[in-house]
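**Student:** The residues making up each chain are set out below.
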Amino acid sequence: MIEYALEYPDKLLYPLLEHIQMLVITLMISLILAAFLTIISIYSRLLSKTLVYFFSVIYAVPSIALFALLIPLTGLGKTTAIIVLVLYNQYVLLRNFLEGLDEVDPAVTEAATGIGMTKMQLLIKIKIPLSKRALFTGIRISVVTTIGIATIAAFINAGGLGSILNDGLRTVNTVKILWGSILAAGLAIVTNTILSKFERKL
Amino acid sequence: MTQKAIEFHNISKKFKHAQYYAVDKVNLSIEEGEFITILGSSGSGKTTLLKMVNKLYEPSQGSISLFGEDIANIDSIRLRRKIGYVIQQIGLFPHMTIAQNVATIPKLLQWNKKKINDRVAYLLNLVGLDANDFMNRYPSQLSGGQQQRIGLARALAVDPKIMLLDEPLGAVDAITRLSLQEELLRIHGGLNKTFLLVTHDINEAFKLGSRVVIMNSGKVSQFDTPRNIVANPADEFVYSLIESSRSQEQFWEGLR
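Protein chains in written order, with the UniProt record's numbering: chain F, 1 to 202; chain Y, 1 to 256.
Take every hint as true, because none was put in to throw you off.
Derived lysine to aspartate or glutamate pairs resembling EDC-like cross-links, with alpha carbons at most 20 Å apart: (1) F:K119 to F:E99; (2) Y:K219 to Y:E167; (3) Y:K193 to Y:E7; (4) Y:K207 to Y:E243; (5) F:K119 to Y:E58; (6) F:K119 to F:E103; (7) Y:K114 to Y:D130; (8) Y:K25 to Y:D70; (9) Y:K82 to F:E110; (10) Y:K107 to F:E110; (11) Y:K82 to Y:E31; (12) F:K119 to Y:D75; (13) Y:K55 to F:E110; (14) Y:K55 to Y:D24; (15) Y:K82 to Y:D159.
Just the calculated beta-carbon pair ranges, DEER-fashion: (16) Y:N125 to F:R133: 30 to 40 Å; (17) Y:Q61 to F:S44: 19 to 29 Å; (18) F:I194 to Y:F67: 52 to 62 Å; (19) F:S44 to Y:S140: 28 to 38 Å; (20) F:K197 to Y:G33: 51 to 61 Å; (21) F:V61 to Y:H200: 46 to 56 Å; (22) Y:I77 to F:L76: 50 to 60 Å; (23) Y:G254 to F:I124: 55 to 65 Å; (24) Y:S140 to F:L76: 49 to 59 Å.
It should be emphasised that the hints constitute simulated quantities derived from the structure, not laboratory data. This one's a predicted model, so the numbers in the text were calculated from it and none came from an experiment. For glycine and all other residues, C-beta sits at the position ideal for the given N, C-alpha and C.
Generate the whole structure from the sequences, applying the supplied hints.
**Tutor:** Structure representation (structure tokens):
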């Protein structure tokens, strides 16, 4: 195992970097989209419920099926993978964002509204600062989920750590299977630990 | 004719899915500078009535005017910034210092720094707190009574002509309550503002109110000065309210 890593470091490092790249791009797009959807959700309860319901339905579709469904539209590769990952993320992020913002003490919200804050001012000056930990929890969960689901994206040629696993499975190569598993799980665990530490400081 | 500060014209409110009217055809006319208390048990519609004044609730029927202007024609954000609002749960912003809490609306209105600082210091002193001592503290470092003083200062920040107070002393202990009642009278006396205060405490209502609105199941039972109400209770409900307070007095007398 160690020999494999020493002999072909590129074959492990490159998929790892690719995986992280997929994660970073997905996260950036997801956060922008989720922030936008959260903002329009505060203006309409109906819209917010509809959006959460819509993304919960998508979330319920197995990832491999969603990848397959998108292939005719966007083809094989990273683009399709990122679209799917962003869609999955919306459920995790939007639900956590909206729930976190709703948990702010109703007395504080009422006072802020009563003295004349607009919905946007209420969101930015009161709700976000008071629910930053819950908001960050949502981001952490979406990061870890993305690391996991991105592994499956290797099936549609998106690269990443899943490709090591894929190769291993196809050629019945235990070393590759192990390395793929260790790196994917390790990345998720390490990221989760770092983000949790940061979260506790908020 | 003197300008009426607040007028309720045949105002009714029925909440969605509710069987009955929370507020039922209320007509009231309040002069500028009055201290009006609204007395009623829970579910009488007193808070609902209050919250229609700053558009936290929309009336189902009727209209409300402030200084002759129908509030339906005023943007709700602009309206609320001209009306002070204090609630029982206080609702200070826990992540902001006392000074920042009080300065919330002045900042949104982009007052300059000097004006804001002066105003904050003036208001803290007005509500009986040492400005230098309290300015940089956080709400959690204050007692309940002190927090409500800040709530009051925040509501007074942009010098509103009308103050709405929804059971402001409902959550403070009896002794603090008495001293805050005195403070409210003092502040009201010095500012020529119209106060509208909701309470379920008959002693508080009669002590603070220049006139008292007594509400029972959405309707106004009586609206008059404390003296006139005690002399001529308008109906059975008002009579029993006064009696309940009297019997309490007798209980205390009995303990002497």
